[in-house]
Each structure stands twice: as C-alpha cells, then as structure tokens.
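Protein sequence lines, in the order shown, are assigned to chains A and B. Heads up: the first sequence is residues 551 to 655, going by the working numbering. Heads up: the second sequence is residues 47 to 215, going by the working numbering.
I should point out that these hints are in silico values taken from the structure, not numbers from a laboratory. It cannot be assumed that every hint is accurate.
Derived coverage of chain B by chain A (criterion: at least 3 residues anywhere in the stretch with Cβ under 8 angstroms from a Cβ of chain A; other residues may be distant) [stated by the list, open to error]:
| hint | region |
| --- | --- |
| 1 | 68-81 |
| 2 | 110-117 |
Some chain B residues well away from chain A (every beta-carbon gap over 10 angstroms; in silico) [said to hold, decoys possible]:
| hint | residue |
| --- | --- |
| 3 | Leu-64 |
| 4 | Lys-160 |
| 5 | Asn-175 |
The beta carbon of each residue, even a glycine, is placed where N, CA and C say it ideally should be.
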Amino acid sequence: MESLLHITTLHYLVLGAGLFLLGVIGVLTRRNVVIVLMSIELILNAVNLNLVAFSRMWGGLHGQIFAIFVITDAAAEAAVGLGILIAFFRNKETVNIDEVNLLKW
Amino acid sequence: MAPVATPFFFYLFAAIMLIGGILVITRKNPVHSALALIVTLLAQASVYLMLYAPFVAGVQIILYAGGIMVLFLFVIMLVSIDRSIRERQFNSQWVVGLIAAVALGGLFIAVYMKGMSVFPEHALSVIENDNTQNVASMLYGQYMFPFEIASLLLLVAIIGAVVMAKKRI
Numbered sequence: 551m552e553s554l555l556h557i558t559t560l561h562y563l564v565l566g567a568g569l570f571l572l573g574v575i576g577v578l579t580r581r582n583v584v585i586v587l588m589s590i591e592l593i594l595n596a597v598n599l600n601l602v603a604f605s606r607m608w609g610g611l612h613g614q615i616f617a618i619f620v621i622t623d624a625a626a627e628a629a630v631g632l633g634i635l636i637a638f639f640r641n642k643e644t645v646n647i648d649e650v651n652l653l654k655w
Numbered sequence: 047m048a049p050v051a052t053p054f055f056f057y058l059f060a061a062i063m064l065i066g067g068i069l070v071i072t073r074k075n076p077v078h079s080a081l082a083l084i085v086t087l088l089a090q091a092s093v094y095l096m097l098y099a100p101f102v103a104g105v106q107i108i109l110y111a112g113g114i115m116v117l118f119l120f121v122i123m124l125v126s127i128d129r130s131i132r133e134r135q136f137n138s139q140w141v142v143g144l145i146a147a148v149a150l151g152g153l154f155i156a157v158y159m160k161g162m163s164v165f166p167e168h169a170l171s172v173i174e175n176d177n178t179q180n181v182a183s184m185l186y187g188q189y190m191f192p193f194e195i196a197s198l199l200l201l202v203a204i205i206g207a208v209v210m211a212k213k214r215i
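Produce the entire structure from the sequences given, and follow the hints as far as they go.
So this is what it looks like as structure tokens:
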C-alpha cells in the first residue's frame, strides 16, 4: 500500500510499459492501416514517457531533449506513413493492411 | 511550488491514458480511435507536467494533439472508411500477434520485478523554473548538430510525403 501511494520513477515506467503493450497489440492485430499508424504513435509516446521519467530521476534535461527529438521523428513518420497510405488507397481502394501484398511472392 | 495530491492525479491520468489507449486499438471507426488518441495524448501532457517538464508538455499538446492528429483526421477524411468498418477488424494473424504481445508483457513484468530495487525511492529535486530556457540553451548548444539533423529529417519527410501523395510527379 505504501509503495502504491508513493509515486516513484518505477510507476511512470510501468505506465509507459502498459502503453507500449497496448501499442504493440494494436500494431500486431489490427487490420486498418490508419489504426496501425496510431498504435505506432502510442508506442512512441510510451518511449517518450520513459525518457521524461528518467530525465526527472537523474535531474537533468537530456531525457526531455530526446523526447523532443522523438516527437520530431513521430511527426516525420506520420507524414510519410500517411502519404504512403494515400498512394496505396489510390491504387487498391482499400485501407486493410493484409491486402498490402504487392511485394509478396 | 510543492505538488499536491500527486498519487491521486497520477492514477487519474494513468487511468485516462490506458483507457484511451484501449479505445484506440478496439474502436471500429478510425475517427473514434483518433479522438481517443487525442485524449490519451492530453493526459500524457499532464503527466509530463507532473514530471516537471512543462516544455515537453506544451510541445506534446501543440505538435501531437494539434498537428499530427489533424493530419490523421485529414487522411481519414480522404480515404473511404465505409468498407473497412463493415469488414472484420482484426487481421488473420491476430492470435499469433496477441501471443507475442503477451510474451512481451511477461518480459516487462519479469524485468521490472527483478530490477525494481535499481530505482531510487525518492526522485531528485530539479530546478522548477527556467525549464524552457534550459531546454533551449541545450538544444542550441550541446545538441546543435542533432537539432540541425532533425530539420533535415523534416525536410526529407516533407518531400517524401508530397511525392507519395501526389498523383503524377
């Protein structure tokens, strides 16, 4: 009980792990590409939460800087991913990820 | 300023984040997923504030909830989702995927149970004010080179997105 009421770094890490797991489940099981991309955002957010929690633990700002870089990457990833999605939808008229099999032989 | 009722707000925002995450991966309609994801991102910004990271919290709200999610909603608007809502929502390997995710969860639990004692009981006290100034001076000083590379990455992403989405180049 005492350890539940006293919030430490570990609590934030467990929260990040839970969010990461939700993202992994979304990526591995969902069929809609848009939701798969959103699950990737969930994963990146879990990583960010860990980085900021460690930044607080060590008292520096390096973790926060890294979190900002990860957010930049997430923006670039979302832009390119959604561009690919639009190109794919124009060719195949679907957003289901298991119909993306042009490179499969 | 000393934080008030930290456990209460931590568990409140953690619950909002996790419920939002569950809604993201279970909703049929991608618009509902996007709205749930916005709720999750805003709750996470609050958690950043609890961790004394106001600049990251602001960036999270402006860039994630304001920028990236608008991009998502635009794309949902551009692609037709009527057909995919009526079809089954999970791909054919979902059992294997779920097993892999559960295995990963077991790994997390094992690692955190074993490594629990590594983390200190009390968080270090940090300077609460001047967070934004300190982040900026580090970004433009020590992290100058990665910062420039990030701008290059964004340029490449812009070009890539335009080339992908354009009908004929």
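To see whether the hints hold, each was checked on the structure:
1. 68-81: holds (count 7)
2. 110-117: Contact hint for the region 110-117 of chain B vs chain A: holds, 4 residues under 8 angstroms.
3. Leu-64: violated (6 angstroms)
4. Lys-160: Given that every Cβ of chain A is farther than 10 angstroms from that of B:Lys-160, nearest at about 12 angstroms, it holds.
5. Asn-175: holds (13 angstroms)
Taken one by one, the earlier hints fail for this structure only at number 3.
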